[in-house]
Amino acid sequence: MEIPYTVQARPDTGLYNAKLGIWLFLASEVMLFGGLFSAYVLLRVGAEPGMWPHGWLNVTLGTVNTLLLALSAITTLLAWAACKVRDFTKFKIFHACTILLALTFLGIKSYEYHDKLIHYEIKLNNGTFADGHLVEKSADFDLAKKTGTVTLHGHIVTDEKELMDLRSPEAQAAKHEEVIVAATDIKSMGNYGPRHNTFTAIYFTLTGLHALHILGGTLVIFYFWAFGGAMWKTDPERFTNRIEVSGLFWHFVDLVWIFLFPVLYLT
Amino acid sequence: MSESEKPVSLQSTLRLCAVVFFVILCATSGMIATSFAHIGEGWTLKVALILCIAVVNAFFVAGYLMHLLSEKKLIFTVLIFTVFFFAGLMGLTMWAMNDFPTGTAVH
Chain A
1 MEIPYTVQAR PDTGLYNAKL GIWLFLASEV MLFGGLFSAY VLLRVGAEPG MWPHGWLNVT
61 LGTVNTLLLA LSAITTLLAW AACKVRDFTK FKIFHACTIL LALTFLGIKS YEYHDKLIHY
121 EIKLNNGTFA DGHLVEKSAD FDLAKKTGTV TLHGHIVTDE KELMDLRSPE AQAAKHEEVI
181 VAATDIKSMG NYGPRHNTFT AIYFTLTGLH ALHILGGTLV IFYFWAFGGA MWKTDPERFT
241 NRIEVSGLFW HFVDLVWIFL FPVLYLT
Chain B
1 MSESEKPVSL QSTLRLCAVV FFVILCATSG MIATSFAHIG EGWTLKVALI LCIAVVNAFF
61 VAGYLMHLLS EKKLIFTVLI FTVFFFAGLM GLTMWAMNDF PTGTAVH
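Which chain is which? The protein sequence lines are A and B, in order.
For the first sequence, position 137 (counting from the first letter as 1) is numbered 137 according to the numbering used here, and the numbering increases by one without interruption.
For the second sequence, position 104 (counting from the first letter as 1) is numbered 104 according to the numbering used here, and the numbering increases by one without interruption.
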């Protein structure tokens with residue numbers, strides 16, 4: 001049975017079915033991310049004064065990722081244009097660029113996650129806080145049994161609020177060095193993972209969901225890149241429409257990042 | 001006629017892409033500069049300015065890369081509903097921000 005309106009526009013909508021379908025899907029995606037953005041607003045406005053983090057994320061890496069996604073959106077559009085002018089070789093080149101740019105984006109994101117997961121805040125028994133990146137845990141380190149030591153590359157602060165604004169002159173002037181903490185001195189210890197505070201929770205949720213979209217989009221684009229040749233030979237117009245639909249999804253993912261970057265990295 | 005039905009050439013698409021990428025580059029630089037600039041007390045004005053630039057950035061991506069400026073009426077109808085519900089979602093969140101039920105702890 002032939003599926004109707006995969007190439008020709010329906011007379012009542014003026015669109016081929018997949019295009020209307022992807023726009024309806026994107027509308028539902030807006031509400032999905034919208035719910036999480038509203039959660040972000042709620043958490044941020046509800047935070048106690050001075051307790052919402054600033055400068056915790058690497059702006060340089062965020063900027064590079066913004067430009068990578070913008071470039072990938074452009075190569076996606078060029079891949080669709082190459083299909084339109086019936087140049088399959090150029091389509092392959094542009095979509096290969098999109099896949100490489102997407103994988104680079106995910107690589108940088110993974111590095112950022114790793115950086116947060118090896119960053120520890122240790123509350124000490126004397127009321128101060130040791131904060132920094134994990135260098136090593138001694139072989140006999142066991143927090144429950146209070147044995148061994150943990151070494152961080154960071155500094156010690158007297159008030160947790162000093163760790164919140166890393167753009168403040170005090171935080172910029174802080175000297176980072178190796179800090180060795182004995183397990184017997186530790187009251188509690190945790191990394192900057194999603195459990196650390198509401199900022200890291202919403203950061204990992206928003207960027208994790210976005211990264212899953214990038215991964216899904218990359219798989220679809222890879223499928224068209226690797227196995228699209230068969231349909232290209234039999235029905236190039238339908239294949240071009242598929243590329244347009246996957247491109248619309250990819251642009252949407254870029255749009256989400258355009259708001260995620262300033263909200264999480266810059267404000 | 002939607003963009004996908006118009007005759008397409010790689011050269012004209014490339015020119016369009018160059019313009020949009022330049023806008024994204026400028027907008028991203030503008031957001032970063034605003035973020036590090038000393039503008040007023042607190043973060044409210046900065047956040048507002050940065051989000052305004054992000055909206056301009058998004059307009060170029062949606063309008064030109066997604067061809068929204070030349071799309072069919074039906075897609076705009078879908079998007080009008082989306083904008084309505086999105087505005088409701090954010091608006092109701094802000095409206096209920098300090099609306100704690102009686103007897104619950106307020107920090």
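Everything labelled a hint here was simulated from the structure, so no lab data went into it.
Mixed in with the good hints there might be a few duds.
[Stated by the list, open to error] Cβ pair distances, simulated, as ranges:
(1) A:P169 / B:L25: 28 to 34 Å
(2) B:C26 / A:Y223: 48 to 54 Å
(3) B:L25 / A:K90: 40 to 46 Å
(4) B:L25 / A:I3: 25 to 31 Å
(5) B:L89 / A:G190: 18 to 24 Å
(6) B:F76 / A:H176: 21 to 27 Å
(7) B:F76 / A:Q8: 19 to 25 Å
(8) A:R238 / B:M94: 31 to 37 Å
(9) A:G50 / B:F76: 18 to 24 Å
[As the list claims (entries may be wrong)] Partial list, computed: chain B residues near chain A (C-beta under 8 Å):
(10) L10
(11) L45
(12) V47
Note that the structure is a prediction, hence the values are computed from the model and not measured.
The beta carbon of each residue, even a glycine, is placed where N, CA and C say it ideally should be.
Cross-check of the supplied hints:
1. The hinted window of 28 to 34 Å between P169 (chain A) and L25 (chain B) holds, with their beta carbons roughly 30 Å apart.
2. A C-beta distance of roughly 35 Å is found between C26 (chain B) and Y223 (chain A), which places it outside the suggested range of 48 to 54 Å.
3. Against the hinted window of 40 to 46 Å, the Cβ-Cβ separation of L25 (chain B) and K90 (chain A) comes to about 24 Å, which falls outside the hint.
4. Hint check: L25 (chain B) to I3 (chain A), Cβ distance near 41 Å, so the stated range 25 to 31 Å is violated.
5. The hinted range of 18 to 24 Å is not satisfied by L89 (chain B) and G190 (chain A), whose Cβ atoms lie roughly 32 Å apart.
6. Restraint check, F76 (chain B) to H176 (chain A): a C-beta distance of roughly 53 Å breaks the suggested window 21 to 27 Å.
7. Distance hint check: the CB atoms of F76 (chain B) and Q8 (chain A) are about 22 Å apart, consistent with the given range 19 to 25 Å.
8. The hint said 31 to 37 Å for the Cβ distance between R238 (chain A) and M94 (chain B), and at roughly 45 Å that hint is violated.
9. At roughly 44 Å, the beta-carbon separation of G50 (chain A) and F76 (chain B) lies outside the given 18 to 24 Å, and the hint is violated.
10. For L10 (chain B), the interface hint holds, since its Cβ comes within 8 Å of a Cβ in chain A; the closest pair sits about 5 Å apart.
11. The interface hint given for L45 (chain B) is violated, since its Cβ lies 11 Å from the closest Cβ of chain A, which is over the 8 Å cut-off.
12. For V47 (chain B), the interface hint holds, the least distance from its beta-carbon to any beta-carbon of chain A being 5 Å, beneath 8 Å.
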